[in-house]
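> Next come the chains, spelled out residue by residue.
There are 2 protein chains.
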Amino acid sequence: MTDHAATLKALRAQLAEVSLINGINAVLYWDQSTYMPNGGAAARGQQLSYIAQLSHQRFTDPALGKLLEALLPYAESLPADSDEAALIRVTHREYTRATQVPLDLVAELSQHTAETYHVWVGARPENAFDRVQPYLEKTLELSRRYAECFAPFDHLADPLIDSSDYGMKAADIRTLFAELRAELVPIARAITEQAPADDAFLHQHYEPQDIEKFSLEVIKRYGYDFERGRLDRTAHPFAIRLNHGDVRITTRYPKNRLGDPLFSTLHESGHAMYEQGVNAAYEGTPLAGGASSGVHESQSRLWENVVGRSLGFWQHFYPSLQSIFPQQLGNVSLDQFYRAVNKVERSLIRTDADEVTYNLHVMIRFDLELQLLEGTLSIADLPEAWHARYQADLGVRAPDNRDGVLQDVHWYGGLIGGAFQGYTLGNILGAQFYAKALEAHPEITEQIGRGEFSTLHGWMRENIYQHGSKYSAPELIARTVGKIDIAPYITYLRNKYGALYRL
Amino acid sequence: MTDHAATLKALRAQLAEVSLINGINAVLYWDQSTYMPNGGAAARGQQLSYIAQLSHQRFTDPALGKLLEALLPYAESLPADSDEAALIRVTHREYTRATQVPLDLVAELSQHTAETYHVWVGARPENAFDRVQPYLEKTLELSRRYAECFAPFDHLADPLIDSSDYGMKAADIRTLFAELRAELVPIARAITEQAPADDAFLHQHYEPQDIEKFSLEVIKRYGYDFERGRLDRTAHPFAIRLNHGDVRITTRYPKNRLGDPLFSTLHESGHAMYEQGVNAAYEGTPLAGGASSGVHESQSRLWENVVGRSLGFWQHFYPSLQSIFPQQLGNVSLDQFYRAVNKVERSLIRTDADEVTYNLHVMIRFDLELQLLEGTLSIADLPEAWHARYQADLGVRAPDNRDGVLQDVHWYGGLIGGAFQGYTLGNILGAQFYAKALEAHPEITEQIGRGEFSTLHGWMRENIYQHGSKYSAPELIARTVGKIDIAPYITYLRNKYGALYRL
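Going down the list, the protein sequences come from chains W and U.
Residues 1 to 503 (our numbering) make up the first sequence, in order.
Residues 1 to 503 (our numbering) make up the second sequence, in order.
In short, the hints are calculated from the structure, not lab data.
Predicted model, so just to flag it, every value in this text is computed and none were measured.
Do not rely on the hints blindly, as some may be mistaken.
Note that identical chains are pooled: a pair holds if it fits in a single copy or bridges any two copies.
Pairs of lysine-lysine residues, derived as DSBU-like cross-links and limited to a Cα-Cα distance of at most 35 angstroms, are as follows [to be verified]:
#, residue 1, residue 2
1, K343, K169
2, K9, K138
3, K255, K220
4, K496, K436
Work out the full structure: start from the sequences and follow the hints.
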């Protein structure tokens, strides 16, 4: 064996251990969010914290750093797109990042987020912001301490954004969001000035297991592989990669709702198909797993909306849905149904928001995160700041905090900062990727109308999924669509909603 | 702080880490056996092996040994029934045992049993013994290597028996089983010479979720705490302690069966109530968790059979069961039902066997384990040896290996040796404990007839559950009933089945 081969082998062995530990972390998290009884919460918090520390320790082991140092010149000698070069480059980047965070902070963060999640699960249904407030204050403090590890930076949020959307800064996103906002606001206004679509029939009793049956059928057709995954119920839907052979999704079934659980499942299936599509050879290395939050959301938002709320999709699937729910939908025409699932309105809940106003929900959260980190907003004032922004931007005010600041899991199960921008980046990128796929395969539209998704799925797997984290998001974007650009997304919205609302 | 206090604190800290790691192991195992998709099996095997090694490493850390050595004289100075003395004594015993097993064997065992379990889950429904045979050969080899770690011993099975039923040897059990067998065989013969009870109505379609609903109601009444537990589905039912706040049970719903899933659930609830009842102060130490396999089975078999198949129990619960299954049971009288769930027959499946013949199933397995370990029987010959013993002892022969040697999970998810004797020890001990509880509280019988179990549960918690592993099984038996004795069990069987069959 050459020196490089032996060093690489040693590197891979240690990375495989880290990957195995992270897989254990995922099982613990998944169980915590799905089936764990209340009594298990305290021990689980300790376990998650222990495993996070173990992972951090093994990944920041100076021996690993030495292996990487020894391999960097070799990586430089390889073609930039070789898997080995990428493995060394990406691992070195992640190693450098990880070594900047002290172990005790990792431990504290992990224990704290597990506890906070548990408190939030209980507090949300009871509208009890006061119960989470002290936890959130600690989260903000920890988020700041985490960000400080990466000083210097332009904005305290930059390191937090960088860790989910590598290569982006608060300032870039502010500019991009302002540009997008200028386009979205007039579209939203033009639509909401018209009479709203009737979606009352979506708000009847739909038996969860029947919705589930239908959702499973759809995502199977999408190409989600149930040999390597499963669907469970949770308080806040998520997709999670346990390992290459096990990528699970979750959803929830609120009372008298059809759209929420269904589109949630389609959304999470997009994340999961991305993870399932990563080159199996990357297993056990930092190359396994999606490139960034934005690229990940491009897939969830694509399969949820661009595909799952399209007319073609429902031309194919609506008869089957009607046959499952004859009482609820028997007298609802395809056109009525299509309008209802694409109803544009100034609403309260991000995950239920339509494609036009969705990004306004994200921008509110993004701005509040920056203000919290900057110290211009306190956690105590957050609920009212939330209401005020909803009033100003969307013209609505939640009657309580449950549907206000308590609605999203992110701040209650992770850091404040960098948690939300990915959704809007995803909407933008999803439209770009979809336009590119259509350019290559114009037949995709017609295939969707027949319930066939293999060409679209194939393009995504070929151009996005298989690469995992081999390319950073900026590199992946450069390879596929050049650069991030809101134009295809705006065109998509204008075309779709222009037809629906005769704008 | 005194020296002892500081040393004890250090001991407790390291034990808490081991306990935390074991709790992670339990989550991984539980998920593997309930929800994990097929694709996750390979990674799970690696994770289980990794965690088993980590636990072993931390528990056999020489530093822990030094702490124990330092504390032993202190323990001797304490009253024998003090919690601290027990903590030091039991931990020292377990530490000594664990240090006799090399780390690489622990790793190999854990990886191997996870793989074997996965192969068995696939092979059993397809009746494919040939697929598990090479795995089982390896298991036998590993079981021998494991036992050899504890040389010298009288019989190779002794260390394996000792690790689940501390203080017992193959020779003791052979004697006890021979004594029991001499009593059981004539009872079984006398009953099976009569016309069999009609239980055809138990073998109709019963909707799993309705059985589940009823089972949940019963075990809630038993006192199983759902805030600290849950019920899921699996291939082979088990109870598992994740930690003091999280003790789960599982069951399965074979087609056209009412009794199997119902009594399985009652059985596992007995294990789980035992674990839930352990003194919370023992959490994070080797004192948490049941005393032995036999004492554990005394509880599962008690709540399944002595309580769950009693006439009083059904006098209370049968009307409710009938109302859930009017079509299947509307025309079945209480007496017919009671006879059916206590039908004695020479049957194929251990878990479905009646109380009279059940121990004959166990004895077959116990003897086969000894022969395998002694080398007088090969794995290749095991299926036929199984059939031959069933023919000789029970007069039946399974049409295939699925209901023969493939029926129990034990050899496919653990070692060969020490896996089965606990059930029969449990039957014997359960009857002894129950007789003792009745002595103290004669009203228990009548309470069961009203669906009230708190006096019985309370006696068990007080005398058995709370102590966890503080007392070894022999110590616990000495404290409660003196010594192991088949007489109460035989009396119980004679009374119950004498009335049923007019013996």
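> Hint by hint, note whether the structure agrees.
Hints, verified against the model:
no.	hint	verdict
1	K343 x K169	within (33 angstroms within a copy, 73 angstroms between copies)
2	K9 x K138	between (41 angstroms within a copy, 29 angstroms between copies)
3	K255 x K220	both (25 angstroms within a copy, 27 angstroms between copies)
4	K496 x K436	within (17 angstroms within a copy, 77 angstroms between copies)
When held up to the earlier numbered hints, the structure conflicts with none and fits them all.
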